[in-house]
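Asks: The lines below spell out each chain.
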Amino acid sequence: MGTRRHVHVAGRGAVSGFGAGVQKLVDAVFAGRSAVRLRERTAPIPAPTAVAAEVPPECLPPAGSRCSLAAHLAVLAARQALAEADADPAAVQLVLASTKADLSGLLGPGTGEGQPARLARRVAEELELAGVLAAVSAACASGLVGLSLAARRLARGEVEQVLVVGIDVLTSFTMAGFGGLHALDPEPCRPFDIRRRGISLGEGAAALLLTADGSRSIGVRLSGHGVSNDAFHALQPDAQGDGLVLAAQRALCSAGLTREQVDLLHAHGTGTTANDQAEARGLARLFRGATPPAFGTKGQTGHTLGASGVLESLLVIAAMERRCVPANAGLEEPDVDAGLDLVRAARSLGRARHALKVAGGFGGLQAALVFST
Amino acid sequence: MNDAPMLLGLGVVDDIGVVGSAKPATRWQDVGVTQACMGRSYSALFGRRDATYRRLDRPSRALVLAAEAADVDGLLPREARDDTAIVLETVCGSFDSDRRFLDSLARGVVEGAVFPYTLPSASLGELAQRYRLRGPCVCLSIEPSQAGESLREARRLLEDGEARCVLAARVESLAETWAGRGPLLLAVVAVLGPATLGRPTLGPWPADGGDPFETLARALRA
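If you read the sequences in order, they're chains A and B.
For what it's worth, my numbering labels the leading residue of the first sequence as 118, then goes sequentially.
For what it's worth, my numbering labels the leading residue of the second sequence as 6, then goes sequentially.
If we strip away everything but chain A, and leave its shape as in the complex, we get:
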């Protein structure tokens, strides 16, 4: 193996329940606001919850548009990242990460039939990108797995610029599915809290433009990545969080860091009893009983599934830039391993050089990234 190249973040984009733009997302999360509210656009969809984090009406495709919601949001977020990086789209490859991509053709008159590769082609064509590097479908770890794949290609010198877009939208399909698994909290979710009853779904798209060219960096590197499998159960996480620990150890090893060097931590924090417990247990063990300050943001953005890894990476970067970890929204009485240092009120950091981000998904998938300034 030859010399590995560094992987830099050059551009960011987001469309979330707070609207279009990274600044809206970051400002809202750091102000403690939540986009999980009474459903409006999706209100006719039967589901055992009245809430979700829908993108606001101004982010929807214009009337008469032939563009599906998924494609529209992905393109919106991607354009922001390309603009911040001042990148020539023709020199950029796409990695798209999603669970169900575009289901518009199965649920209505659209053309999407659930294949991320087809949505990726559509987005790449719309943006006139150089091409599609990969379309990743790795359940709720899709975003981090997509970033990991992109980082590998950049580090190996195979590509120069990769736009990683995470995307998933609210549909009757996913709402019924998670409802059928009794995984939805009827009220806004409360990850890690004793009163948590499940997830709140959200939707959105997020984009990170990664480059090997350090001169174009926003000052943050994707310095490490690791993926593993629990090899335990199709739906339930390993209760000890072993797979998560393995993924995080791989990410730290790939970054050349020890756990003592991690300054902050962004958790997956879905709000389900089993996930939160397993995650906290694993992270507490990884950090020998005392993690760095940790936050999760699904109580504010909703669980945006395949978009969540990229969306939450934006919040990790914001926390590093602000040297501040925001409070865990909805957390009043923690009910997980106390070794996970869940931030209850925004906490300033003396140092924010290295951050760890983790995620997991059905099928035992676990993924972790390290961001460094």
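By construction, these hints were calculated from the structure, which means they are not laboratory data.
The beta carbon of each residue, even a glycine, is placed where N, CA and C say it ideally should be.
Warning: the hint list may mix true and false statements.
Chain A stretches covered by chain B per the calculated footprint, using a threshold of three residues with CB under 8 Å from any CB of chain B [as the list claims (entries may be wrong)]:
#	region
1	170-178
2	222-231
3	251-260
4	288-296
5	475-482
For this one, chain A is given, so just place chain B on it according to the hints.
Replies: Relative to the frame of chain A, chain B by itself:
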């Protein structure tokens, strides 16, 4: 890794039957299986029971049978399993399960047990769970022109030292016609790793270009 990666094992499942480096070609009707991958096909083919096989969707069943035909369990030493990756590619994804789940919604009955299989990565998890494989894993949604992408990603993982061995797999399952294709069934599992693993190798890395999984499947059938 220092050693050139090799093809250590291979298993193929299609609408004809099952064949693998550890399984002579067997047609479905040879073992009294009337429908490919049906519930009793595991025990009919391998003479033992798998407690959870019946609850799997068809792509997962096909991958499990292909992995058994490749003798994944016999090929991978216990100490290599934490570092054995799975890279799965699929064009069709979970289309069958998507349709089945939507049909259930149309009937007003939410089939919660089907929903997890509407994620194409579900079958990857089933392989990991069966063989206790805890290495990196990824499911790639591909277009037909990108066939073999899992083999290329497997090579990267091996070269970079991120994995000691890799199961590179392709699965396509369509119970009905979709996008001009189908009905079809194809699952290929290739076990890749270093020659130093001490296992007999089937040969060098599968040739790139065209659809390497189709080529592998044809070679095995021949």
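Asks: Could you tell me which of the hints above the structure violates, numbers in ascending order?
Replies: Hint check: 1 fails alone, others pass.
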